[in-house]
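Required output: the full structure, derived from the provided sequences and hints.
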Amino acid sequence: NAGVMQNPRHLVRRRGQEARLRCSPMKGHSHVYWYRQLPEEGLKFMVYLQKENIIDESGMPKERFSAEFPKEGPSILRIQQVVRGDSAAYFCASSIGGANTEAFFGQGTRLTVV
Amino acid sequence: AQRVTQPEKLLSVFKGAPVELKCNYSYSGSPELFWYVQYSRQRLQLLLRHISRESIKGFTADLNKGETSFHLKKPFAQEEDSAMYYCALRGNNNDMRFGAGTRLTVKP
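Chain order of the listed sequences is D and A. Take 1 as the starting number for the first sequence in our numbering and just add one per residue. Take 1 as the starting number for the second sequence in our numbering and just add one per residue.
No lab work stands behind these hints: they were computed from the structure. Please read these numbers as outputs of a predicted model, since none were measured by experiment. One should not assume that every hint holds.
Said to hold, decoys possible - Each computed DSBU-like pair below joins lysine-lysine, with the alpha-carbon atoms no more than 30 angstroms apart: (1) A:K57 / A:K22; (2) D:K62 / A:K9; (3) A:K9 / D:K27; (4) D:K44 / A:K107; (5) A:K57 / D:K44; (6) D:K27 / A:K73; (7) A:K73 / D:K44.
What the hints assert, rightly or not - Calculated Cβ distances over 10 angstroms to all of chain D for the following chain A residues: (8) N24; (9) G29; (10) G58; (11) D62; (12) Q78; (13) A100.
No residue lacks a Cβ here, since even glycine has one placed at the ideal position from N, Cα and C.
The structure is reproduced here in C-alpha cells:
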C-alpha cells in the first residue's frame, strides 16, 4: 500500500490561473480530508468528503475553491483564479472511517502563486 | 461545533526535562482525541490516540473530560522529540479537526 499520494508536490501558478491538486487515498479508504497550512501556522480544516459526497465544507472559502471525490479516481481540490494569498501547503488525509480509526496523511502540495 | 486549541505555538525545553504540550477542546458529543507529530521533512503521522491509553516513545496523554483537555506529556525529553505536534479531535460525524500545532524544540 503506497500510502496517501498527493501530486504535484510543488505547483507554481501565476495570479488568475487555476490550480488543481490531486489526492489518491490509501487503498480501501473512502474518507478524505483537505487541510491548508500557511507559513508558521497550523493545519486549517478545509473540507471532508466521502466517495461522491461532500460531508463538511465549512472550512472552504465560499468563492474560487471547490473539491470533489468521484467514484473513480483521486480527490481533487480546485482553486480558480488564484491569488498570492492562496500560497500555502495543502495536505490531504484519508481514513477508513469509523470509531478511532487513524487518518493517514500525504506529503502535501506546496502551491506558490507568483 | 468542534474546536481544538493548542495555546503554545512554540515550546522549548532542555534534554532530560519534562515536557507538557497543552491541548483543550470543545465539543458537545463524545470526542475521539489524537496526537499527531510531524518530524522535519516527514509527513504528519499519528503519535497516539486517547482510546488506546498507550505510551508511545515515552509520551502519554490523558483525556480529562472535566477540564476538556488532552495534554501530551513526557517525563524526560530527548533531542529527537523536536518536532511539530498537533492535537486532533474527531467528532461523531467523522469530521477531523486539528489544533494550530506546537513546535517543540529540545535543546542539548
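Against the structure, the hints:
1. A:K57 / A:K22: Answer holds: K57 (chain A) to K22 (chain A) is near 18 angstroms, not above 30 angstroms.
2. D:K62 / A:K9: Holds, at roughly 28 angstroms.
3. A:K9 / D:K27: 34 angstroms, violated
4. D:K44 / A:K107: 29 angstroms, holds
5. A:K57 / D:K44: 27 angstroms, holds
6. D:K27 / A:K73: 33 angstroms, violated
7. A:K73 / D:K44: Measuring from Cα to Cα gives roughly 24 angstroms; hence the hint holds.
8. N24: 14 angstroms, holds
9. G29: 12 angstroms, holds
10. G58: G58 (chain A) is indeed farther than 10 angstroms from all Cβ atoms of chain D, at 20 angstroms.
11. D62: Non-interface label on D62 (chain A) holds, nearest chain D Cβ at 16 angstroms vs cutoff 10 angstroms.
12. Q78: 23 angstroms, holds
13. A100: 3 angstroms, violated
Hint compliance for this structure: hints 3, 6, 13 are not met, and every other hint is.
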